[in-house]
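Visitor: One line per chain: the protein sequences are H and U, in this order. Just so it is clear: in the first sequence, position 76 is 76 by our numbering, and no numbers are missing. Just so it is clear: in the second sequence, position 230 is 230 by our numbering, and no numbers are missing.
FYI, nobody ran anything at the bench for these hints, they're computed from the structure. There's no promise every hint is true.
Cut-off 30 Å, straight-line C-alpha distance, at most; resulting in silico cross-link-like pairs (BS3-like, lysine-lysine) [as the list claims (entries may be wrong)]:
1. K124(H) - K68(U)
2. K174(H) - K68(U)
3. K157(H) - K139(U)
Which residues of chain H face chain U? A few of them, derived with a C-beta cut under 7 Å, are [claimed, not checked]:
4. G55
5. G58
6. C74
7. A82
8. V83
9. Y89
10. G129
11. G130
A short list of chain U residues far from chain H (calculated; beta carbon distances all over 12 Å) [claimed, not checked]:
12. Q41
13. R83
14. I182
15. P215
16. R255
Backbone N, C-alpha and C define an ideal beta-carbon position, used for all residues, glycine too.
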Amino acid sequence: MSDTGFTPNEMMTIAASRALRNDDVCFVGIGAPSAACNVARLTHAPDITLIYESGTIGTAPDVLPLSIGDGELCETAVTTVAVPEMFRYWLQGGRISIGFLGAAQLDKFGNINTTVIGGYFHPKTRLPGGGGAPEIATSSKEIYITMAQTKRGMVEKIDFFTSFGHGEGGDHRKRLGIETSGPTLLITDLAIWKPDPVSKEFTVVSLHPGVTREQVQDSCGWVVKFAEALDETPAPSELELKTLRDLQARTKAAHEGTGKAKAA
Amino acid sequence: MVKFLPLKQAVAENLKDGDTVAFEGFTHLIPTAAAHEAIRQGFRNLTLIRMTPDLIYDQMIGMGMAKKIVFSYVGNPGVGLLRRARDAIENGFPRSLEIEEHSHAGMANAYEAGASGLPCAVFRGYRGAGLAAVNPNIKSVTCPFTGEVLAAVPSIRPDVTFIHAQKADKKGNVLVEGIIGIQKEAVLAAKRAVVTVEEVVDNFDDLHPNLTVLPRWTIAAISVVPGGSHPSYAHGYYARDNAAYLEWDEIAADREKFQAWMQANVIDKSADDFGARVEHLRKAA
């Protein structure tokens with residue numbers, strides 16, 4: 001932890017949580033997005049609808065799920081539907097306002113790779129693949145992305161297009177017949193980024209407290225563009241930090257097995 | 001008509017070398033006991049279908065039983081990679097593995113098409129996605145009414161599907177509840193289906209009328225295996241053993257450690273051992 005009283009990862013999760021609104025219907029990716037979505041629910045957006053691809057709609061877990069199908073997601077959900085229904089009626093049907101995704105590799109146009117490092121047929125590293133992401137990326141009205149910055153993760157050219165963002169930029173989505181907005185927000189551990197209205201390249205619009213332009217550039221594999229009027233992200237409030245830390249402590253206890261007696 | 005059989009016999013009667021088989025369960029109700037029985041019986045050249053292959057397919061691939069996998073997420077959910085599957089895809093160990101990769105939407109639609117008796121599924125998908133370029137089974141069709149270009153994938157029609165469920169009644173009707181995933185579609189898409197259950201009850205008279213019930217005539221065999229889903233879970237019976245999923249990452253990382261674990265925990269064990277594995281995960285009544 002730095003002398004700011006919070007870690008870059010905590011700032012990332014909290015900044016991401018603030019982007020969600022009380023009336024959002026959010027399709028939640030596992031990992032960093034899941035933490036952000038639940039902090040939003042536990043602070044300023046108590047009525048947000050969180051949906052996990054296992055079919056749980058309107059779920060409110062007490063601990064962060066390890067998988068997208070942990071039992072608590074179903075126990076606390078408004079309803080649980082079959083997986084085909086999830087993807088056909090709810091996602092493809094256009095009922096999701098925000099798809100919230102993480103990424104192993106990301107490029108400046110918000111295209112995501114979680115499939116392979118190296119070539120597809122002879123990969124250097126075989127990653128898990130897309131799961132629900134390819135259609136979340138095109139059927140949700142908007143896409144938010146959150147990930148910690150590294151040069152390996154934020155690259156000029158991704159190895160595989162698992163989920164389509166803005167492609168080559170500009171109107172590439174429209175040219176493919178994709179009607180939704182695609183990536184509109186990127187929250188990293190250092191900054192908040194939004195796509196340029198025309199080129200669709202992610203541009204830094206806000207630096208987190210204490211972060212310099214050089215730090216953002218040094219941990220990013222492409223030449224970073226900064227907005228002319230650059231904001232500073234407000235530091236986490238006490239309530240936000242406490243909510244996140246309590247959630248993570250409950251989660252850690254549950255997943256390590258100390259919470260087993262209560263988990264069922 | 002459905003038969004109640006010991007798991008060993010249910011697997012032997014319904015699975016054979018070279019089959020296309022689905023062991024389904026979307027995080028919940030994974031048919032681990034049935035997969036372990038298949039491993040003990042040593043089937044070969046299987047085409048394994050599953051949306052989220054996870055531990056049981058990592059185990060079957062690591063034991064050299066699979067010639068091909070059809071999947072949409074080859075990871076250990078929330079933990080990371082599947083290391084035996086990776087070793088097969090990256091290094092051809094212990095044998096080369098053909099892959100057919102889809103998205104969840106693609107697989108879910110393909111199972112539904114299989115259950116519906118259709119040759120293919122049509123949906124709005126794979127737009128801009130790299131999978132369409134590497135999987136020849138992802139094609140497109142044009143809507144004859146609107147002209148919209150849609151994705152098409154062949155339906156999934158397994159030779160046999162294995163699922164785990166909460167309970168059967170004495171006649172052999174099966175109840176699935178909680179995260180119901182893709183189980184109903186996977187059963188109805190298959191030529192034959194085998195179900196392991198936590199328990200058998202007299203009847204389903206007190207159930208809500210809209211629950212997911214698979215009528216007995218849709219199932220070939222039922223085996224009673226309490227705890228048969230561990231380390232996955234059975235809603236209302238026991239919780240997911242998240243610690244076991246975390247541990248698997250370390251076991252599967254090393255070829256010899258994997259073999260030793262499989263010998264001690266699968267080969268030398270039987271379906272009867274599952275009950276004890278979930279005792280500490282059962283809900284306090």
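Visitor: Can you give the numbers of the hints that this structure goes against, from lowest to highest?
Guide: 2, 5, 9, 13, 14
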